[in-house]
Amino acid sequence: MSDCIQRKTKIQVKNFTKRYNDLVVLDEINFDIKDGELVSIVGPTGCGKTTFLNCMSKLTETSDGDIFIDGEVADPKKHNLAFVFQEPTALPWRTVRENVAYGMEVKKVPQRELNEKLDHILELVGLKDTADLYPNQVSASMMQRIAVARAFAVNPDLLLMDEPYGQLDVKLRFFLEDELVKLWQTLKSTVLFVTHNIEEAVYVAERIIVLTPKPTKVRAEVVVDLPRPRNFLDPKFIEIRRHVTELIRWW
Amino acid sequence: MAFETVKVGKPLLLRILPVLSIVMFFTVWEVSVAPPDVHDWRIPSTLLTSPSDAFKLGIDKLTNVNPDGATLLTHAYVSMQEAFLGYILALAIGLPLGLMMGWFSMVRGLARPIFELVRPIPPIAWIPLTIFWFGIGLGGKVFIIWISGIVPCVINAFLGVRMTNPVHIQMARTFGASDWKIFTSVCVPSALPMVFGALQIALAYCWVTLVGAELLASDQGLGFLITMGRNLGRTDIVILGMVSVGLAGAVIGVIIDRVEAKLLAGIRR
Amino acid sequence: MSNASQNVCNEVIVAGGDRKPFNIVAFLRNEYFLSCVSLLFFFSFWHWAASSHVLGHTSALATPMEVLSRLAELFTSTLAGLTMWGHIWASLKRVLIGFTLAALLGVPLGLVMALNPYVNAIVKPIIDIFKPMPPLAWISVAILWFGVQETPKIFIIVIGSFIPALLNSYNSVLLIEPELYDVVRVLGGKRWDEIRLVCIPASLPAISAGLQISMSSAWGCVLAAELVSSRSGLGYIIIQGMKVSDPAMVLGGMVVIAVIAWLISQTLEWADRKLCPWRRDIKSF
Chain D
500 MSDCIQRKTK IQVKNFTKRY NDLVVLDEIN FDIKDGELVS IVGPTGCGKT
550 TFLNCMSKLT ETSDGDIFID GEVADPKKHN LAFVFQEPTA LPWRTVRENV
600 AYGMEVKKVP QRELNEKLDH ILELVGLKDT ADLYPNQVSA SMMQRIAVAR
650 AFAVNPDLLL MDEPYGQLDV KLRFFLEDEL VKLWQTLKST VLFVTHNIEE
700 AVYVAERIIV LTPKPTKVRA EVVVDLPRPR NFLDPKFIEI RRHVTELIRW
750 W
Chain V
861 MAFETVKVGK PLLLRILPVL SIVMFFTVWE VSVAPPDVHD WRIPSTLLTS
911 PSDAFKLGID KLTNVNPDGA TLLTHAYVSM QEAFLGYILA LAIGLPLGLM
961 MGWFSMVRGL ARPIFELVRP IPPIAWIPLT IFWFGIGLGG KVFIIWISGI
1011 VPCVINAFLG VRMTNPVHIQ MARTFGASDW KIFTSVCVPS ALPMVFGALQ
1061 IALAYCWVTL VGAELLASDQ GLGFLITMGR NLGRTDIVIL GMVSVGLAGA
1111 VIGVIIDRVE AKLLAGIRR
Chain X
206 MSNASQNVCN EVIVAGGDRK PFNIVAFLRN EYFLSCVSLL FFFSFWHWAA
256 SSHVLGHTSA LATPMEVLSR LAELFTSTLA GLTMWGHIWA SLKRVLIGFT
306 LAALLGVPLG LVMALNPYVN AIVKPIIDIF KPMPPLAWIS VAILWFGVQE
356 TPKIFIIVIG SFIPALLNSY NSVLLIEPEL YDVVRVLGGK RWDEIRLVCI
406 PASLPAISAG LQISMSSAWG CVLAAELVSS RSGLGYIIIQ GMKVSDPAMV
456 LGGMVVIAVI AWLISQTLEW ADRKLCPWRR DIKSF
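Protein chains in written order, with the working numbering: chain D, 500 to 750; chain V, 861 to 1129; chain X, 206 to 490.
Hints are supplied without guarantee of correctness; some may be wrong.
What the hints assert, rightly or not - Here are the simulated PhoX-like cross-link-like pairs (lysine-lysine), alpha carbons at most 25 Å apart as the crow flies:
hint, chain 1, residue 1, chain 2, residue 2
1, X, Lys395, V, Lys870
2, V, Lys916, X, Lys336
3, D, Lys533, D, Lys606
4, D, Lys607, D, Lys713
5, D, Lys577, D, Lys606
6, V, Lys1041, D, Lys616
7, D, Lys627, D, Lys616
8, D, Lys606, V, Lys1041
9, D, Lys607, V, Lys1041
10, V, Lys1041, D, Lys577
11, D, Lys576, V, Lys916
As the list claims (entries may be wrong) - Quick list of the computed label-pair ranges, beta carbon to beta carbon:
hint, chain 1, residue 1, chain 2, residue 2, range
12, X, Thr356, V, Leu1107, 24 to 32 Å
13, D, Ala639, V, Ser1038, 26 to 34 Å
14, D, Pro728, X, Asp398, 51 to 59 Å
15, X, Thr356, V, Phe944, 45 to 53 Å
16, D, Ala630, V, Ser1038, 23 to 31 Å
17, V, Val1111, X, Val464, 48 to 56 Å
18, X, Leu301, V, Val1111, 50 to 58 Å
19, D, Glu560, V, Ser1038, 17 to 25 Å
No lab work stands behind these hints, which were simulated from the structure alone.
Quick caveat, the model's predicted, so the values are computed rather than measured.
Each residue gets a CB set at the ideal place from its N, CA and C atoms; glycine is no exception.
Working from the sequences, and respecting the hints, build out all of it.
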């Protein structure tokens, strides 16, 4: 959309480098993310995607360079970071409701505000009827929805998603991708979505960043300027998809 | 309900065999022991007492203080009291210590060497030392029982925390949770199954140690009953004591089971 | 390719780290440093408690140095006709005989019980009756039946080690994943193949763990039996120390007991690693 240009830059990744002794995994990665943008990152297998995300979320220290939120170095305790992992990370001993509240609990959100946001998010994601069940009583897709809901609930400055729908079947993926887009449009969070599935990336993202294999750099940035809801069979969709696939397959 | 339980019946033989087995066992036992002062092919009553005689003695000792100085119930009560005290103390100190040792490296550094020094010593070996320190009384026995119970508590709690799913910890870290918050909201609930396992194991250890401690350093209690029986040459008292110890242990085990089931009902795993 | 990091089941373990500059706070909080501090504190406290007679009369505790010198004495001179080595061997002999008997009886019986429901139905109720009875409760009966020689002690050890070995081998079979049996069946294997190829190897880790518990139980039992009535062995040393009010001897005996117990458990763990090399180590105690 053209108002992309008007939005201010929220996240800046500058000279992001990670070395393990002599092995350079990430090599001076540079890119920006605008406020409220949904960016997707695709890359071939073995491009250090896990390392990349760990460094972005500050679970691991970078060897050089850093990630800046609103100009400051990112800090999980100060900024609101959220991460949706590939595996289901619902805490088994808490109900769905308590799980979604976990992020806000850690951030010490006051109780009343917490409850309001909780109800709002549960409504949006459609978890209201199952709110009092335990994770082992609900299906795997709901576990991921819990994680996504929990991540959105803290109003994150940056929401990182690591192939959250990778382990689910196709029909469910489409449904959940739609849900993700709806959530993103309603809550206007900044989302970074990492995936191997190019179709998913083109369907969901406003911009796709393509990475190279190790040592990883940014290969290209592809803007996806299609209206929503997107159609898989639209020739422009297919063209963009083919283009991104070419970029990855070149190496 | 999301699912139904389907009952599958076991073949009749399998259901009867356990009962048959127990009945056979007691019958053989009963029949193979001769009554007192009868000498024939059967086992003399100086070596073994038949179940019926033991049972009769048990009923008698419910009220009779001879020849060991207290009724059966008094002995049982004393034993259970000691075991209970030592057990609760072991849980109260061992579980939090083990949990913290699993997560906080400072606690681990301080506590671990002392624990590793004390751990290989079988609890029974402490008896002479505690007789020096506490004499023959409640304190010494509670100390030994506490030592024997604390080892499985610490180990299980420690392992429970170490086995926490790393993804959960990472998830909490990305939200910016402090070490303490991660400990209380992720590590401790995650370790609960192992902790419950420790409850049972520690109880078994405590009970075993209790009997040993009472055999050697006591003037009351079920273990004392057994020793007294031997000293007086009364095999029937010895057998009664053994059966009582077993029964008491079984009863306590069942109680712990029930408590655990109730507590776990709230935590679905 | 650098060998700086290894990927074990999705947990990336970086073996070589970056050297961080020396930081006094980090040093003070370091685990190993604190361990040394802790040990130092422990021995100092022990020494102080012993020499200041804070626990009452003089025969309550001995300082670490006194214990060491008493131990040296015991190793060279004889007590009741045996040196310390002799006593150690006496205890060890009993433990080994009892433990081996218990293992030979318990492990196969447990396997058979788990594999054959009829044997299970007959034997399990009886085991359940005897399970809550501590082995030490049998001491009096054992002395009555067998006198005061070696037999009652071995009997107690067998009783004490039999149940853990049996229960663990029984449970180990129940824990085997059913899919493993399917693999053998699909390839045309029969019942005996199932047992030989799946049951026995898959149950080895749990059996090995059960044997370790058995062994520590055996060690406790032998001590108890020796404490009650014996003329030799480590338990005898401790009880002698108590009778003559010599805490150095008691503590010395305890130290030797602890060392031997530790050596035995290390040996068993080594055997476990050799028997079951496929087990991934959870970083444990």
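Hints, verified against the model:
1. As the CA atoms of X/Lys395 and V/Lys870 are separated by approximately 24 Å, the hinted pair is consistent with the 25 Å bound.
2. At most 25 Å may separate the alpha-carbon atoms for a hinted pair to count; V/Lys916 and X/Lys336 meet this at roughly 24 Å.
3. Between D/Lys533 and D/Lys606 the alpha-carbon distance is near 24 Å, which keeps this suggested pair within the 25 Å criterion.
4. Under the criterion of a C-alpha separation no larger than 25 Å, the hint pairing D/Lys607 with D/Lys713 is inconsistent with the structure, at around 39 Å.
5. In summary, the hint linking D/Lys577 to D/Lys606 is supported, as the alpha carbons are separated by about 9 Å, within the 25 Å threshold.
6. Between V/Lys1041 and D/Lys616 the CA atoms are separated by roughly 22 Å; this keeps the pair inside 25 Å, and the hint holds.
7. Pair hint D/Lys627 plus D/Lys616 holds up; C-alpha atoms about 13 Å apart against a cutoff of 25 Å.
8. About 11 Å separates the Cα atoms of D/Lys606 and V/Lys1041, which keeps this hinted pair within 25 Å; it holds.
9. For the proposed pair D/Lys607 and V/Lys1041, the alpha carbon gap of about 11 Å is at most 25 Å, so the pair holds.
10. With a CA separation close to 16 Å, the supplied pair V/Lys1041 and D/Lys577 stays within the 25 Å bound.
11. Taken as a hint, the D/Lys576 and V/Lys916 pair is broken in the structure, with Cα atoms around 71 Å apart against an allowance of 25 Å.
12. A C-beta distance of roughly 28 Å is found between X/Thr356 and V/Leu1107, which places it inside the suggested range of 24 to 32 Å.
13. Between D/Ala639 and V/Ser1038, the C-beta spacing of about 31 Å keeps the proposed range 26 to 34 Å intact.
14. Range check, D/Pro728 to X/Asp398: Cβ separation about 57 Å, and the 51 to 59 Å hint holds.
15. Between X/Thr356 and V/Phe944 the Cβ separation comes to about 35 Å, which falls outside the hinted range of 45 to 53 Å.
16. Roughly 27 Å separates the CB atoms of D/Ala630 and V/Ser1038, a value that falls within the hinted 23 to 31 Å.
17. Between V/Val1111 and X/Val464 the CB atoms are about 38 Å apart, so this pair departs from the stated range of 48 to 56 Å.
18. Look at X/Leu301 against V/Val1111: about 35 Å separates their beta carbons, and that is not inside 50 to 58 Å.
19. Taking the beta carbon of each, D/Glu560 and V/Ser1038 are about 18 Å apart, inside 17 to 25 Å as hinted.
Going through the hint list in order, the structure does not satisfy hints 4, 11, 15, 17, 18.
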